[in-house]
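> Each chain, letter by letter, is given below.
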Amino acid sequence: MRTRPRLYVSYSSEMALLPTWTQKISALIFFALLVVIPFGVIPGFGFLADNDWMKILSRVAIFAIGALGLHILSGLAGQVSLGHAFFVGIGAYTAAILGGEVGKGTWGLGLPIWIWLPAAAIVAAAIGAVIAPVAVRVRGIYLAIVTLGLVFIGEWMFRSLPFITGGSQAGRKFPGLEFRLWQEEVPLIDFTSDGSWFGVEMTSEAKTYLLLLVFVIIGVVIAKNIQRTRIGRAFMSIRDRDIAAEVMGVADTKHKVMAFALSSALAGVTGALMGAFVGRLIPEGFSLFLSIQFVAALLIGGIGTVSGTLLGATFVIVLPRLVQDFTGLLASTAESGTGVLAAIAAFFVSTAENDPGIVSTLPGTSPGLNIAQFNLLLYGLLLIGFLIFEPLGLYGIWIRIRNYWKSWPFTY
Amino acid sequence: MTLDLLVFAQAGGQEAVDKFANATSSGIALGAIYALLALGLVLIYKATQVLNFAHGALAALGAFFAAYLATVINFPGRYVTFLPTTVQWILSALVAVLITAVVGLVLERLAIRPMIGEPLFSVVMITIALDIVIRTITDDLIGTNPRPLGDPWGADVVNIGPAIVAKSELATVAVTIIALVGIALFFRSRYGVAMRATAFDQEAAMAQGISAGRIFALAWAIGAGLAAAAGIFSSLFPRSIGVSNTTAFFAFRALPAIVIGGLDSISGAVVGGFIVGLAESYAGAYFIGDTWSFLGLGFAGVMPYIVMLIVLIVRPYGLFGTEEIRRV
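First to last, the protein sequences are chains A and B. Per my numbering, residue 1 is the first one in the first sequence, and the count goes up by one each step. Per my numbering, residue 1 is the first one in the second sequence, and the count goes up by one each step.
Just chain A, with the same shape it has in the complex:
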């Protein structure tokens, strides 16, 4: 191994996005793997090409963009925010107004994606920049509560604007993922129907996934690049010691406002894509829980790192599915299997009425937790576990593995 992490021999290599050849090659391989996932050619991971896993990966991609936004605000600039869901909502409804169908119960102008997607980012950024000067007057825990208030006020606002949002519990239709030049009948590129691309038959899920992958990569490049700029360094100096940064001539408020605007822009894109991907969202969707999921992604992945943020986003979105599969596995073991494993499974799962167990596969709440509740419980417990035992998150685990192999076979 010719290169070592954190060993830089020139300034330009330290500033490079991928400093070593090992990193360049592994990033390329990783990217190539991501691209070929929909074709099911990766040995052992062919199941990822299934339609439902494609959908989950698409949601990971959408969520990752917003998580990168929060990474800029919290990871780089060090501002605690629980208000990310509000900006996601702003982005979603901007996209809905501009791209939504004309002449329905809710506002819609029927404009193409190349207008509504950037507009979602710009409007969210603008609102972020308007709110930021108020928010940055307060610090630390006060900021957490103010941004929390933003989510509640935002949720109420979305509920009270039925002509935009479709109203409480009803929701509205969002524009689809179709590329039109203007308002023509047949879209130029349609990401929502099966068909062949360059002679390759592809499902709509695969197409959507590839499109979203492009957006994630743009997001990653933005987030990575910002760390190398003057603005990014200003963010980090404010995070590390805001007074020292001010003394050195970093304008405190200005950069905090910029961090808010940038993070809101990415949140807005997430909202717009989320609406387009899911098709119909209710105003209650932009609740505190969404904000918590973003924060959880950051903390589980490892705060302050782009790769950690991506890992965390993947974890947060994939976890519910894994829990569901795990519960299903337990239930089938408890029902059909024999021996110790089945007994343990039967202890955890109740598959019939009046069968005690922690999780119930039956609909309703009794006797045990239902799967959604079990999911939440596991989610909370994992979060607590990570925060206590692995404060650096998944990225910290990776660092430990890397450090172990760095000087292999020597231990130091």
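In short, the hints are calculated from the structure, not lab data. A hint or two may mislead.
[Claimed, not checked] Label-pair ranges, simulated between beta-carbon atoms:
#1 A:F39 <-> B:V314: 56 to 62 Å
#2 B:L110 <-> A:V318: 25 to 31 Å
#3 B:E15 <-> A:G105: 36 to 42 Å
#4 A:L109 <-> B:Q14: 48 to 54 Å
#5 B:F200 <-> A:A129: 36 to 42 Å
#6 B:I310 <-> A:V247: 30 to 36 Å
#7 A:A342 <-> B:M206: 50 to 56 Å
#8 B:V193 <-> A:A27: 55 to 61 Å
#9 B:F200 <-> A:L33: 54 to 60 Å
[Said to hold, decoys possible] A partial selection of chain A residues facing chain B, derived with a Cβ cut-off under 10 Å:
#10 F31
#11 L34
#12 R137
#13 R139
#14 Y142
#15 V146
#16 I153
#17 L288
#18 I292
#19 V295
#20 I303
#21 L387
Because the structure is a prediction, the values reported are computed rather than measured. No residue lacks a Cβ here, since even glycine has one placed at the ideal position from N, Cα and C.
Start from chain A and add chain B according to the hints.
For chain B alone, kept in the frame of chain A given last:
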């Protein structure tokens, strides 16, 4: 406030007086609940520098314990049947408060103690994670339908001047006053002085032989107990028919109360609680009808946050909070 007075002046007559009196009395009762919640939050924050986002979940858990003890197993009422039912119910509620205090102790020891010295974001997140865990378990225990608490007051009301006040609201205010006096007395006791010392300077307090860990545990126990009391009263007659899966969210509106008062001010918490309660009550009473239909549903619920934002724009550390001294 000026707006309320304006509306009040325009409407005129006995009807307006009644409306104002009712809004005020229910606002005071609501404020008392917020004050209880805020008191617990501030106590925990002062002693341990942790803002407990799991407060609402603890409140709901406490209310569930009260409902379970009073209506399902009738504990400790079954052993003291000679006492009047009101006293039996109060005993059940007290036991529920105690159990929740023990839960607070356990939480502090298991989840909060290991986080001392961690960054703010992580500490905030761990209390949010605790909130998720406790709320999920509590929701499952409560079940799909709200559980009535079986309180002796039911829907009884009394007339105080022009206002119609529920008896449970009177009880709420009474308990809040008792809690306030209790906390004030506690701060004069041996442990209370130790807690004040720890809050002021942890290392100096430890140098004087005060066990900071014990103080942290005590703060969490008292805080959780106060949360349970608030949870119980927020599940009574005028507010809801019982403890349900929305009880936990109610406590999020106590956060504006402590911000308005200043995070580290006990008296601020109480004042903030009543400001928030009154603001919410007035908003619920006056901002309804056709004129205000553009505000949509649930405006009263966000009123606390709006008041909070206004206060923070003017005073970034709340009304009574100490401004953080920033040293380089």
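> Now tell me if each hint is right for this structure.
So, going through the hints one by one against the coordinates:
1. A:F39 <-> B:V314: 56 to 62 Å: 60 Å Cβ-Cβ, so the 56 to 62 Å window holds.
2. B:L110 <-> A:V318: 25 to 31 Å: holds, 27 Å
3. B:E15 <-> A:G105: 36 to 42 Å: holds, 38 Å
4. A:L109 <-> B:Q14: 48 to 54 Å: holds, 52 Å
5. B:F200 <-> A:A129: 36 to 42 Å: Hint holds: Cβ distance 39 Å, inside 36 to 42 Å.
6. B:I310 <-> A:V247: 30 to 36 Å: Between I310 of chain B and V247 of chain A, where Cβ atoms are some 32 Å apart, the hint holds.
7. A:A342 <-> B:M206: 50 to 56 Å: holds, 53 Å
8. B:V193 <-> A:A27: 55 to 61 Å: Holds - the Cβ-Cβ distance for V193 of chain B and A27 of chain A, about 59 Å, lies within 55 to 61 Å.
9. B:F200 <-> A:L33: 54 to 60 Å: holds, 56 Å
10. F31: violated, 30 Å
11. L34: violated, 29 Å
12. R137: Check passed: Cβ of R137 of chain A comes within 5 Å of chain B, closer than 10 Å.
13. R139: holds, 7 Å
14. Y142: Nearest chain B Cβ about 6 Å off; hint holds.
15. V146: Result: holds, 6 Å to nearest chain B Cβ.
16. I153: holds, 5 Å
17. L288: holds, 8 Å
18. I292: Result: holds, 6 Å to nearest chain B Cβ.
19. V295: holds, 6 Å
20. I303: It holds, given that the least Cβ distance between I303 of chain A and chain B is near 7 Å, below 10 Å.
21. L387: Result: holds, 5 Å to nearest chain B Cβ.
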